[in-house]
Amino acid sequence: AQSVTQLDSQVPVFEEAPVELRCNYSSSVSVYLFWYVQYPNQGLQLLLKYLSGSTLVKGINGFEAEFNKSQTSFHLRKPSVHISDTAEYFCAVSDRVAQEKLTFGTGTRLTIIP
Amino acid sequence: EAQVTQNPRYLITVTGKKLTVTCSQNMNHEYMSWYRQDPGLGLRQIYYSMNVEVTDKGDVPEGYKVSRKEKRNFPLILESPSPNQTSLYFCASSLSAGWGYTFGSGTRLTVV
Numbered sequence: 001a002q003s004v005t006q007l008d009s010q011v012p013v014f015e016e017a018p019v020e021l022r023c024n025y026s027s028s029v030s031v032y033l034f035w036y037v038q039y040p041n042q043g044l045q046l047l048l049k050y051l052s053g054s055t056l057v058k059g060i061n062g063f064e065a066e067f068n069k070s071q072t073s074f075h076l077r078k079p080s081v082h083i084s085d086t087a088e089y090f091c092a093v094s095d096r097v098a099q100e101k102l103t104f105g106t107g108t109r110l111t112i113i114p
Numbered sequence: 001e002a003q004v005t006q007n008p009r010y011l012i013t014v015t016g017k018k019l020t021v022t023c024s025q026n027m028n029h030e031y032m033s034w035y036r037q038d039p040g041l042g043l044r045q046i047y048y049s050m051n052v053e054v055t056d057k058g059d060v061p062e063g064y065k066v067s068r069k070e071k072r073n074f075p076l077i078l079e080s081p082s083p084n085q086t087s088l089y090f091c092a093s094s095l096s097a098g099w100g101y102t103f104g105s106g107t108r109l110t111v112v
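Quick mapping for you: the protein sequence lines, in order, are chains P and G.
Under the working numbering, the first residue of the first sequence is numbered 1, with each subsequent residue one higher.
Under the working numbering, the first residue of the second sequence is numbered 1, with each subsequent residue one higher.
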């Protein structure tokens with residue numbers, strides 16, 4: 001069975017400051033990793049994903065994430081946040097065998113302070 | 001426009017009254033899935049389908065049914081809704097899980 005832990009339920013950050021949202025996963029097999037964003041009153045939108053290859057993955061809206069196999073982590077980063085980044089962010093994992101089973105973390109609410 | 005369409009967006013119903021939430025995708029995706037979102041719990045998978053007539057339970061299937069008679073549609077059925085099924089429900093589809101799921105806009109269900 002796989003699981004995802006998002007260590008911070010809420011992260012307040014000043015506008016134009018950098019941010020890191022933490023994600024750790026547990027799985028007995030090789031995995032695919034995802035970050036999704038949910039803006040208020042909307043569905044989830046894929047931000048970026050790691051399938052294989054380079055451990056640094058770039059996504060939309062200036063976000064990037066780094067896959068660290070030894071630490072089983074997939075932290076999300078942005079060097080300078082904007083008010084429009086205010087949203088909830090979800091880390092998710094699926095294993096490479098049962099690919100249709102996507103397990104989400106509990107989410108991190110990012111609040112940008114003007 | 002490529003999308004996953006759920007209906008209704010909002011629904012208030014009474015305990016025990018059968019209901020169906022519809023989900024349709026226009027991307028010819030093989031994989032479809034239903035999730036519920038609850039505060040502090042994130043999204044939990046209810047059921048998923050890998051193709052027509054192929055469905056399987058997710059993490060929280062109790063009290064729900066699904067069917068996949070056509071590739072584009074994946075309705076969620078609550079035969080006898082209870083208040084603990086009050087939640088925000090999302091349908092999602094994918095060509096394969098490695099591509100990531102495309103999510104619908106959600107259905108907010110309240111069972112009183």
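These are computed hints drawn from the structure, not numbers from a lab.
Predicted model only: the values in this text are computed from it and were never measured.
Note that the Cβ used here is the ideal one computed from N, Cα and C, for glycine as well.
Treat the hints with care, since some could be wrong.
Here are the simulated EDC-like pairs of lysine to aspartate or glutamate, each with C-alpha atoms no more than 20 Å apart in a straight line [to be verified]:
#1 K69(P) - E88(P)
#2 K101(P) - E1(G)
#3 K101(P) - E53(G)
Between beta-carbon pairs, the in silico distance windows are [stated by the list, open to error]:
#4 K65(G) - S26(P): 26 to 32 Å
#5 E53(G) - S80(P): 37 to 43 Å
#6 I60(P) - S105(G): 16 to 22 Å
Confirm or reject the claim that I60(P) and S105(G) have a C-beta distance inside 16 to 22 Å. holds, 19 Å
For the pair supplied as a hint, K101(P) and E53(G), confirm whether the alpha-carbon distance does not exceed 20 Å. holds, 17 Å
Is 26 to 32 Å right for how far apart the beta carbons of K65(G) and S26(P) are? Check passed, 30 Å falls within 26 to 32 Å.
K69(P) and E88(P): Cα distance at most 20 Å? violated, 25 Å
So the hint says 37 to 43 Å: do the beta-carbon atoms of E53(G) and S80(P) match that? The hinted range 37 to 43 Å is violated for E53(G) and S80(P), with Cβ atoms some 49 Å apart.
Keeping to a limit of 20 Å between CA atoms, is the pair of K101(P) and E1(G) held or broken? Not satisfied, since the Cα-Cα distance of roughly 26 Å exceeds 20 Å.
When the structure is compared with the earlier hints, violations turn up for hints 1, 2 and 5 and for no others.
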